[in-house]
Amino acid sequence: MNPFKKFLFELQETAFLVYYAFVRVFRRPVYLSEWVRQMDVIGVGSLPIILLTGFFTGGVLTLQSYDTLAYYGGQSETGRLVAYSLIRELGPVLSALMVAGRIGSAISAELGSMVVSQQIDAMRALGTDPYRKLVAPRIIALILMLPLLTVGADLFGIIGGGIVANSLFGLDYNVFLTSVRNGIATEDIIGGVIKPIFFGLIIGSVACHKGLSTKGGTVGVGRSTTSAVVLASIVVIIADFFLSRALQHILE
Amino acid sequence: MLSFLRKNKTESAAHGTLQPVTKDIEDAFFQPTRALPAIEFRNVYLAFDDKVVLDGVSFKVRKGETKIILGRSGSGKSTLIRLVLGLLKPDQGEILVDGEDITYLSEAQMMHVRAKIGMVFQEGALFDSLPVYDNVAYRLHERDVDEEMVEEQVKRMLEFVDLEEAIHKMPAELSGGMRRRVGIARALVGNPRIVLFDEPTAGLDPPTARTICELAIKLRDIQDVSSIFVTHEMKNLEYLSSEYAIIDNEGKVVFEEEGERLCIINTEIIMLHEGKIIFSGKEEQLRASRDRYIQRFLNGK
Ligand SMILES: Nc1ncnc2c1ncn2[C@@H]1O[C@H](COP(=O)(O)OP(=O)(O)O)[C@@H](O)[C@H]1O
Ligand SMILES: [Mg+2]
Numbered sequence: 001m002n003p004f005k006k007f008l009f010e011l012q013e014t015a016f017l018v019y020y021a022f023v024r025v026f027r028r029p030v031y032l033s034e035w036v037r038q039m040d041v042i043g044v045g046s047l048p049i050i051l052l053t054g055f056f057t058g059g060v061l062t063l064q065s066y067d068t069l070a071y072y073g074g075q076s077e078t079g080r081l082v083a084y085s086l087i088r089e090l091g092p093v094l095s096a097l098m099v100a101g102r103i104g105s106a107i108s109a110e111l112g113s114m115v116v117s118q119q120i121d122a123m124r125a126l127g128t129d130p131y132r133k134l135v136a137p138r139i140i141a142l143i144l145m146l147p148l149l150t151v152g153a154d155l156f157g158i159i160g161g162g163i164v165a166n167s168l169f170g171l172d173y174n175v176f177l178t179s180v181r182n183g184i185a186t187e188d189i190i191g192g193v194i195k196p197i198f199f200g201l202i203i204g205s206v207a208c209h210k211g212l213s214t215k216g217g218t219v220g221v222g223r224s225t226t227s228a229v230v231l232a233s234i235v236v237i238i239a240d241f242f243l244s245r246a247l248q249h250i251l252e
Numbered sequence: 001m002l003s004f005l006r007k008n009k010t011e012s013a014a015h016g017t018l019q020p021v022t023k024d025i026e027d028a029f030f031q032p033t034r035a036l037p038a039i040e041f042r043n044v045y046l047a048f049d050d051k052v053v054l055d056g057v058s059f060k061v062r063k064g065e066t067k068i069i070l071g072r073s074g075s076g077k078s079t080l081i082r083l084v085l086g087l088l089k090p091d092q093g094e095i096l097v098d099g100e101d102i103t104y105l106s107e108a109q110m111m112h113v114r115a116k117i118g119m120v121f122q123e124g125a126l127f128d129s130l131p132v133y134d135n136v137a138y139r140l141h142e143r144d145v146d147e148e149m150v151e152e153q154v155k156r157m158l159e160f161v162d163l164e165e166a167i168h169k170m171p172a173e174l175s176g177g178m179r180r181r182v183g184i185a186r187a188l189v190g191n192p193r194i195v196l197f198d199e200p201t202a203g204l205d206p207p208t209a210r211t212i213c214e215l216a217i218k219l220r221d222i223q224d225v226s227s228i229f230v231t232h233e234m235k236n237l238e239y240l241s242s243e244y245a246i247i248d249n250e251g252k253v254v255f256e257e258e259g260e261r262l263c264i265i266n267t268e269i270i271m272l273h274e275g276k277i278i279f280s281g282k283e284e285q286l287r288a289s290r291d292r293y294i295q296r297f298l299n300g301k
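So the protein sequences, as listed, match chains A and B.
Here the first sequence is numbered in our numbering, starting from 1 and rising by one per residue.
Here the second sequence is numbered in our numbering, starting from 1 and rising by one per residue.
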C-alpha cells in the first residue's frame with residue numbers, strides 16, 4: 001500500500017471508530033460509571049501538569065517579551081500580550097500536546113495490551129461492545145475535560161505572567177490585570193474553548209484507533225503507543241492552523 | 001424400531017450417562033431440536049492476506065458432544081474457535097450455531113448468539129483491571145442482574161473451579177493455573193449451552209491439567225453442554241475420551257473409566273493440518289490410523 005492510500009485507510013478506520021463509539025451510545029447498558037472514571041483519570045489526573053505548563057508558559061512569555069515592549073514604551077501592555085497568546089494559541093495547543101503525551105499514550109498502551117492479551121476478544125465474547133465500553137467514555141472524557149484543562153492553563157498562565165512581571169520587572173499587578181482585561185475579547189475566549197473540543201476528539205480517536213489496531217504482541221504495544229502520541233500531536237498542530245483560520249472567519 | 005430405541009434410552013438413563021451410538025437418530029425421533037447440531041461448519045474458507053488458514057472445513061458438533069480439535073500450533077485452531085463466536089468472519093462457507101446461520105450477522109446481532117456460548121481463552125484473558133469477583137461476574141453485571149444473585153452465582157462458579165479463596169484477588173496475583181480456572185469460571189457463568197476451550201491446559205502442571213479435564217467431562221456428562229476442546233496434549237485426549245462422570249448414590253460426582261464398553265463417551269476428535277481436516281472420528285480410530293503425520297503427532301516421532 002502506498003503511503004497516501006494507507007493514510008486514507010487509517011482516516012477511514014478512525015472515522016468508523018468514532019461512528020461506532022457514538023452511534024448507540026445511549027443504548028442500555030450506558031456505561032456512566034466508566035465515563036465518570038475516565039473524566040477523573042483524564043481531567044483530574046492531568047490537572048497538575050497542565051497548570052504547571054500554563055504557569056511557566058505565562059512566565060516565560062513575560063520574560064521574553066517585556067524588554068521588547070519596554071523598548072517601545074509598551075511595558076504596560078505585557079498582560080495583553082500574555083493573555084492574548086495564551087488564550088488564542090498556547091493554552092489550547094500546549095494543553096493538547098501535554099494531554100496527548102500523558103493520556104494518548106496511556107489510552108493506546110492500555111487498549112493495545114488488552115488486544116494482545118485477548119481481553120478485547122474476551123469482552124466481545126462476553127457480550128460487550130468495546131467501542132461503547134472503552135472508546136466512547138475515553139473520547140467523551142477528553143472532549144469534556146480538555147476545554148476545562150485549557151481554561152485552567154490559561155488562568156495559571158496569566159497568573160504566572162503577572163508574577164514574573166511584578167517580581168522581575170516591578171510591574172504593578174493592577175496595570176498587568178487591566179491590560180489583560182483590555183486584551184481579550186469574547187471571541188478569543190470562545191475560540192480558545194472550541195479548539196480543545198476538537199483536540200480532545202483528535203487525541204481520543206487517534207489513541208483509541210492505534211491501541212485497538214495493535215498487532216504483534218508486546219512490541220506492538222510499544223509501537224502503537226509511540227505512533228499514537230506522535231500522530232495525535234502532529235494532527236493537533238495541523239488542525240490548530242485550520243481551526244484558527246476557520247474561527248477567524250466565523251467569529252470576526 | 002421406535003420402541004427398541006425408546007427402550008435403549010431408558011436403559012442408558014439407568015446406567016447414568018451412557019450415550020448410545022444411535023443417539024442422533026434417536027434424538028431425531030424423540031427430541032427434534034436435539035438433532036440440530038450445536039455448531040456446524042459448512043465448507044469454511046479463511047485466509048489472512050495470502051496465507052490460507054482454513055481451506056474448506058466442514059464438521060458438526062452435536063448437542064452434548066465434546067469435539068476435540070488437534071493440530072500443531074499455527075494450524076488454525078484458535079482461528080476456528082474465533083469464527084464460532086463471530087470474532088472473525090469467514091471468507092467463504094457458512095457457520096451455524098444451534099441451527100442459526102451466523103455467518104453474516106452483524107456485531108450487534110451476534111450478541112444473542114454469544115450469550116449462549118462460554119469461551120475459555122488460551123491464556124485466560126482475564127480483565128487485569130478487575131478483581132476475580134468482577135471478572136467472573138462480568139457477564140451478569142453487563143446484564144444488570146441483581147447483585148445478590150450475582151454474588152451467589154459467582155461463589156458457586158468459583159467453588160466449581162475450586163478457587164473460593166481467590167475471590168478478592170487481582171488477576172496479577174494469581175498463578176497461571178488459577179488464572180485459567182478463573183477464566184473457566186467466567187466462561188461458565190450464566191450456564192452457556194456451548195463452551196469453547198482454547199488450549200485450557202497448555203503450560204499447566206499435570207494435576208491442574210487433570211482438574212481442568214475433569215471440569216470439561218463434568219460439563220459434558222452431567223450438564224449436557226456441547227463443547228469444542230482445542231488441545232495438543234495427548235493426556236487431555238486420553239482423559240476426555242476414556243472417562244465419564246456420573247453422580248453416585250451419595251450425590252457426588254465420580255469419574256469412571258470406559259472399560260470394555262466402546263463408544264459410550266460422547267467425544268470425537270478432528271485433526272487440522274494445512275487448513276484441512278485430515279482426521280475425524282473416535283480416539284481408537286485415531287490411534288489405529290496409519291497416516292504418518294497422525295502417528296508422528298501422537299508419538300512425537
Ligand atoms: N489476525 C491475524 N492476522 C494474520 N494472521 C493471523 C491472524 N490470526 C492468526 N493468524 C495466522 O493464522 C494461523 C493460525 O493461527 P491460530 O489459529 O492462532 O493457530 P493455532 O491456534 O492453531 O496455534 C497462524 O499462522 C497465524 O499466524
Ligand atoms: Mg491457538
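Just so you know, not all the hints are guaranteed correct.
As the list claims (entries may be wrong) - Below, computed lysine to any residue pairings styled on SDA-like, alpha-carbon distance capped at 20 Å: (1) A:133 to B:87; (2) B:282 to B:256; (3) A:215 to B:235; (4) A:133 to B:258; (5) B:252 to B:107; (6) A:133 to B:251; (7) B:235 to B:140; (8) B:89 to A:127; (9) A:133 to B:162; (10) B:235 to B:276; (11) B:116 to B:56; (12) B:89 to B:134; (13) B:276 to B:79; (14) B:235 to B:258; (15) A:5 to B:49; (16) A:215 to B:52; (17) A:215 to B:116; (18) B:51 to B:35; (19) A:133 to B:107; (20) A:133 to A:230; (21) B:282 to B:40; (22) B:276 to B:59; (23) A:133 to A:121; (24) A:133 to B:79; (25) A:215 to B:127; (26) A:215 to B:122; (27) A:215 to B:88.
Said to hold, decoys possible - Restraint-style ranges between C-beta atoms, simulated for each label pair: (28) B:248 to A:227: 58 to 64 Å; (29) A:244 to B:170: 25 to 31 Å; (30) B:164 to A:16: 30 to 36 Å; (31) B:247 to A:133: 50 to 56 Å.
The hints are simulated quantities; they were obtained by calculation from the structure and are not laboratory data.
Every residue, glycine too, gets a C-beta built ideally from N, C-alpha and C.
Verification of the hints:
1. Restraint check: the Cα-Cα separation between residue 133 of chain A and residue 87 of chain B comes to about 17 Å, which is no more than 20 Å; the hinted pair holds.
2. Distance restraint check for residue 282 of chain B and residue 256 of chain B: the Cα-Cα separation of roughly 18 Å lies within the 20 Å cut-off, and the hinted pair is therefore satisfied.
3. Between the alpha carbons of residue 215 of chain A and residue 235 of chain B the distance comes to roughly 33 Å, so the proposed pair goes past 20 Å and is violated.
4. Among the hinted pairs, residue 133 of chain A with residue 258 of chain B is inconsistent with the structure: their alpha-carbon atoms are about 47 Å apart, more than 20 Å.
5. For a cut-off of 20 Å, the pair hint linking residue 252 of chain B to residue 107 of chain B is broken: about 41 Å separates their Cα positions.
6. For the hint pairing residue 133 of chain A with residue 251 of chain B, the CA-to-CA distance comes to about 43 Å; that exceeds 20 Å, so the pair is violated.
7. A distance of roughly 34 Å separates the Cα atoms of residue 235 of chain B and residue 140 of chain B; the hinted pair therefore is violated under the 20 Å criterion.
8. Under the criterion of a C-alpha separation no larger than 20 Å, the hint pairing residue 89 of chain B with residue 127 of chain A is consistent with the structure, at around 17 Å.
9. Proposed proximity of residue 133 of chain A and residue 162 of chain B is contradicted: the alpha carbons are some 31 Å apart, above 20 Å.
10. Of the supplied pair hints, the one linking residue 235 of chain B and residue 276 of chain B is violated, its CA atoms being roughly 24 Å apart against a limit of 20 Å.
11. In summary, the hint linking residue 116 of chain B to residue 56 of chain B is not supported, as the alpha carbons are separated by about 26 Å, beyond the 20 Å threshold.
12. A hinted pair counts as satisfied when its Cα atoms are at most 20 Å apart, and residue 89 of chain B with residue 134 of chain B does not qualify at roughly 30 Å.
13. Pair hint residue 276 of chain B plus residue 79 of chain B holds up; C-alpha atoms about 13 Å apart against a cutoff of 20 Å.
14. The hinted pair formed by residue 235 of chain B and residue 258 of chain B meets the criterion: a straight-line CA distance of about 15 Å does not exceed 20 Å.
15. The straight-line distance between the Cα atoms of residue 5 of chain A and residue 49 of chain B is roughly 17 Å, inside the 20 Å bound, and the hint therefore holds.
16. Restraint check for residue 215 of chain A and residue 52 of chain B: the C-alpha separation of about 19 Å stays at or below 20 Å, so the hint holds.
17. For the proposed pair residue 215 of chain A and residue 116 of chain B, the alpha carbon gap of about 29 Å is over 20 Å, so the pair is violated.
18. Distance hint between residue 51 of chain B and residue 35 of chain B is unfulfilled; the C-alpha atoms sit about 35 Å from each other, more than 20 Å.
19. At most 20 Å may separate the alpha-carbon atoms for a hinted pair to count; residue 133 of chain A and residue 107 of chain B meet this at roughly 14 Å.
20. Distance check on the hinted pair: residue 133 of chain A and residue 230 of chain A sit about 25 Å apart at the alpha-carbon level, beyond 20 Å; violated.
21. Taking the CA atoms of residue 282 of chain B and residue 40 of chain B, the gap is near 18 Å; set against the 20 Å cutoff, the hint holds.
22. Taken as a hint, the residue 276 of chain B and residue 59 of chain B pair is honoured in the structure, with Cα atoms around 11 Å apart against an allowance of 20 Å.
23. Taking the CA atoms of residue 133 of chain A and residue 121 of chain A, the gap is about 13 Å. The hint holds against a cut of 20 Å.
24. A hinted pair counts as satisfied when its Cα atoms are at most 20 Å apart, and residue 133 of chain A with residue 79 of chain B does not qualify at roughly 25 Å.
25. With a CA separation close to 19 Å, the supplied pair residue 215 of chain A and residue 127 of chain B stays within the 20 Å bound.
26. Straight-line distance between C-alpha atoms of residue 215 of chain A and residue 122 of chain B comes to about 17 Å, which keeps the hinted pair within the 20 Å bound.
27. Proximity of residue 215 of chain A to residue 88 of chain B is assessed by CA-CA distance (about 15 Å); at most 20 Å being required, the pair is judged to hold.
28. At about 60 Å, the beta-carbon gap between residue 248 of chain B and residue 227 of chain A stays in the expected band of 58 to 64 Å.
29. Evaluation of the 25 to 31 Å hint for residue 244 of chain A and residue 170 of chain B yields a failure: the beta carbon distance comes to about 46 Å.
30. Distance hint check: the CB atoms of residue 164 of chain B and residue 16 of chain A are about 44 Å apart, inconsistent with the given range 30 to 36 Å.
31. Remark: the range hint 50 to 56 Å for residue 247 of chain B to residue 133 of chain A is contradicted by a beta-carbon distance near 40 Å.
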